[in-house]
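Asker: Spelled out from the first residue to the last, the chains are:
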Amino acid sequence: MKRIFILICFYFLFACKDSPFNEGDFFYLVSKGAQMPIVVRGNKASGIFIFFIHGGPGGTSLGKIGLPVFNALEKNYATVFWDQRGSGSSQGNSPDDLLNLPQFVEDLDKVVDLINYKYNNPEIFLFGHSWGGCLGTAYLVDAERQAKIKGWIEVDGAHNNPLGDSLSLQFVTTYGAAQIGMNQNAGLWNYILGWYAQYPDYTSNQLEQYAFLDDAHAYIHDPSLKRDPKTFPEYSWQYLFESPADITAELSNYSNVIRKFIISGIDLTPQMKNITLPSLILWGQYDGVIPFPLAQQAFNALGTIPSQKSVVMVPDAAHFSFYEDPVLTANSVTAFIEKYR
Amino acid sequence: MQTRLVVVLFLLISEATIAQQDSLNYHRVGISYLSQGGFYPGFTLNYEKKLLSNGALQLLVAGKVGAYFHYHNNSGVFLMIQSGQRFRLSKHLYFEHFLGVGFLETFLNGGDAYYVNASGQIQKVSIVGNPHFMPSISFGLSYDFPGKNRLTAFVRPLIYWAIPFNEISLVQYALELGTLIKLRK
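In the order they appear, the protein sequences are chains Z and L.
For what it's worth, the working numbering labels the leading residue of the first sequence as -9, then goes sequentially.
For what it's worth, the working numbering labels the leading residue of the second sequence as 1014, then goes sequentially.
Treat the hints with care, as some may be off.
Claimed, not checked - DMTMM-like, lysine to aspartate or glutamate: derived pairs with alpha carbons at most 25 Å apart: (1) Z:Lys34 to L:Asp1125; (2) L:Lys1137 to L:Glu1118; (3) Z:Lys263 to Z:Asp132; (4) L:Lys1137 to Z:Glu13; (5) Z:Lys22 to L:Asp1125; (6) Z:Lys108 to L:Asp1125; (7) Z:Lys299 to Z:Glu113; (8) Z:Lys250 to Z:Glu198; (9) Z:Lys140 to Z:Asp15; (10) L:Lys1137 to Z:Asp103; (11) L:Lys1137 to Z:Glu96; (12) L:Lys1137 to Z:Asp15; (13) Z:Lys299 to Z:Glu328; (14) Z:Lys22 to Z:Asp87.
The set of hints was computed from the structure by calculation and includes no laboratory data.
Using the sequences provided together with the hints, build the complete structure.
Answerer: Here's what the structure looks like:
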C-alpha cells in the first residue's frame, strides 16, 4: 500500500516531464507583452529546420507535436513549433491592438532570428497551414526576410481570404444542396442554406459557419477517420494533462483572437510576385475551408520560376490534408527539401 | 413589510447568538496537494477560522498561500483570502463552499526567455513574471475524523480566474486534496 502511495506521488510530481510532448528544446520569445513558447525537435544535426506556422489565427502549434507527418519528418530534419502572439499556450498580456498582420510578421521574423542565433543559421523551410499560409506569405513578400528562408511550403493556406470565403460558401452550399437532394439531414441543411441566404455578404468572420463547415466535412474529408490520439495527438490524455499546453488558455486565446483579429479582407495575391523562393503548394482535394482552386491561384501568383514551384493535390483529403495523408505530405516535403537544400 | 424585516433580522440575530455559543475559538491550519489544470503538481498552506457555528452550519474565513508547477508552461504562486460555509451532511461529513479573492504571480517555466530587438540582436531575459488578480470559487467535501485533536480531510475543486491574461479573464481549475488540524478548542 505504501509503495503504491509513493508511486502515485512520484507520478503526480514527475509524469509531466516524461510526456513525449516535452521532448526537444523549449524556450520563449518575449515581445511586446507576449510570451510565446517555441519547441524545436527532431534531427537538429541535419541543419535543416522545418518551421511550422499554425493556423487560426489564434490556433496552436503545440497540438501538432507528435502528428505522424512530423514524426516522419523529424527523423531527417528538425521541426520548429511556435505559438503565436495571444494564441495557443502563449502567455503574457498581449494588447488587442497588436493582433494584426504586421505585428505577427514582426514576431515571426524575431523567431526566425532566434532560431538562426541558437542553431547557427540552419536552412529554414517555412511550412504554413491555413492562416499560417497567410502569415508565411506576408513574411516572405519582403526580400530581406525572404533571404533568411530556404523554401516555402504552403498547405491549404489563406493567402487570399476574399476568394477563399466565396469558394468556401460555394463548397458548403453545393454540399448542402446535394444532401437535401439525397434527403440526408434535410432539416439541418435547409437551416444551413437558409443561414447563408440570410447573409449574402458572408465572410469567414461570422463564426457560426465553422460548425457548418464541419458538417460539410470541409476540415476532414473522411468521416470515418477516428479522432484517436495517434492521428490527433491533441486528443490524447497526455496532451490534455501532461504537455506544455494549457488547454483552458488555448481555448480562451483562440476565442479571443478569432473574434478580434479579422482576416477576411486580407488578399496577398498582388504581392506574391515578390516571392521567388522554391515553393511547394500542398492542398487537400476536398478542402472546403480554403478550397483547392486557391492552390493553382497561389502557383500562378508566386514569383518563383515555374520549374521551382509545384502543386501537390492530396487526394481524398480536406483542410487538414496533412492529418489525412501524412505519408504523401511527408514524402512531398522530403522530396522538396532534398531538391532545394 | 417592515414587520417582516424585523422578524427576519431577529431570527438571524438569534441564530447568530446561538451559533456563537458553539466554540468560536476555532482555528485550523493545514496543507493540501494542489493539482492544477489536470496533473500539474502544487501545494497550498491553509488557515481557517470559524466565525459562526451551530450544529448544522459554520461560517468561515480562510486564507491560503500556494504554488503550482506546470512544466514547460508556467509556475504560479498565490495568496488568497476566502469566506465560506460548511454544512453538516452527516455526523462527520460536511459540504463546504468558498468565495475568494487573491493575487497570483505566474512565471514562465522550463525554458529560457529571449528578447529580440529591432535590429535582430538577441538577449536572454530574466524570469518573466505576470501579476494577476485571482477571484475564486471553491466547493467540496470535508470529513472530521473523530478524536480529541480532530483532524479534517477535504477535497475541494477550485475554479479561479487569472486577470488579466492576454487582455481576457482566463478561467483555470484545480483540485485540492488536503488536511486541516484544529489548533485550539
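Asker: Which hints from the list above does the structure break, by number from lowest to highest?
Answerer: none
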